[in-house]
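Enquirer: Okay, here's what each chain looks like letter by letter:
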Amino acid sequence: AAGVIQSPRHLIKEKRETATLKCYPIPRHDTVYWYQQGPGQDPQFLISFYEKMQSDKGSIPDRFSAQQFSDYHSELNMSSLELGDSALYFCASSFMRQGSPRSGANVLTFGAGSRLTVL
Amino acid sequence: SQQGEEDPQALSIQEGENATMNCSYKTSINNLQWYRQNSGRGLVHLILIRSNEREKHSGRLRVTLDTSKKSSSLLITASRAADTASYFCATGLSGTYKYIFGTGTRLKVLA
Numbered sequence: 001a002a003g004v005i006q007s008p009r010h011l012i013k014e015k016r017e018t019a020t021l022k023c024y025p026i027p028r029h030d031t032v033y034w035y036q037q038g039p040g041q042d043p044q045f046l047i048s049f050y051e052k053m054q055s056d057k058g059s060i061p062d063r064f065s066a067q068q069f070s071d072y073h074s075e076l077n078m079s080s081l082e083l084g085d086s087a088l089y090f091c092a093s094s095f096m097r098q099g100s101p102r103s104g105a106n107v108l109t110f111g112a113g114s115r116l117t118v119l
Numbered sequence: 001s002q003q004g005e006e007d008p009q010a011l012s013i014q015e016g017e018n019a020t021m022n023c024s025y026k027t028s029i030n031n032l033q034w035y036r037q038n039s040g041r042g043l044v045h046l047i048l049i050r051s052n053e054r055e056k057h058s059g060r061l062r063v064t065l066d067t068s069k070k071s072s073s074l075l076i077t078a079s080r081a082a083d084t085a086s087y088f089c090a091t092g093l094s095g096t097y098k099y100i101f102g103t104g105t106r107l108k109v110l111a
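Chains as they are written, first to last, in the numbering used here: chain F, 1 to 119; chain G, 1 to 111.
Excised from the complex, chain F in its bound form (with noise of 0.2 Å):
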């Protein structure tokens, strides 16, 4: 089965650069997530998509952003890297139930992660 493919696996930036992680959902899940998790830490939500459309955001820096495209992979762009923003960065999807989606139950499946590296 088909599961949540992120790229690139590893990256390394310098100070002050930009990077892109880019997610592509499991077929027909409607719903994206991206995680930050740093050394020792928990996974710290960043912020989440449905049907395309931003519904969540969490600890995001405003010099983060994210999108989700129509065939609805998502991309989480980030500038200005810091040394702090050397972390994993998961990318999940879910699909969820019919219904008020607000009030579902839904599991995450998660990707393999995206290791930011700031030098």
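If you're looking for bench data, these hints aren't it; they were derived computationally from the structure.
Treat the hints loosely; a few may be bogus.
[As the list claims (entries may be wrong)] Per label pair, the in silico range of CB-to-CB distance:
#, chain 1, residue 1, chain 2, residue 2, range
1, G, A82, F, R115, 18 to 26 Å
2, G, T27, F, G84, 23 to 31 Å
3, F, G40, G, T20, 17 to 25 Å
4, F, G3, G, A82, 31 to 39 Å
Because the structure is a prediction, the values reported are computed rather than measured.
No residue lacks a Cβ here, since even glycine has one placed at the ideal position from N, Cα and C.
Go by the hints and put chain G onto chain F.
Expert: Chain G only, in chain F's frame:
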């Protein structure tokens, strides 16, 4: 953590023993899930319990949820060395699309 705290932060047990991890959260939820993560890898879903459920089983896993205490526990019975991983609870916040992860428990099962 944004929402949940887990305890213990680290747990070391012998193969065959049971492992219990606890998760507490702060806000109203519609469901709670447990995920497993091997070092530096992606998170894998283990089990989901809805806010109107009190207990669920899946294989060697048993999850309880006490919404009055805003807490959950994950029990792994007859642990194996392959169960060595970090375990996170994730709460689905009512009225949102957010899933917030707790701080995680690092489980080490010694052969």
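Enquirer: For each hint, tell me whether it holds in the structure or not.
Expert: Here is how each hint holds up against the structure:
{"no.": "1", "hint": "G:A82 to F:R115: 18 to 26 Å", "in the structure": "24 Å, holds"}
{"no.": "2", "hint": "G:T27 to F:G84: 23 to 31 Å", "in the structure": "27 Å, holds"}
{"no.": "3", "hint": "F:G40 to G:T20: 17 to 25 Å", "in the structure": "22 Å, holds"}
{"no.": "4", "hint": "F:G3 to G:A82: 31 to 39 Å", "in the structure": "20 Å, violated"}
The structure does not agree with numbered hint 4 stated previously, though it agrees with all others.
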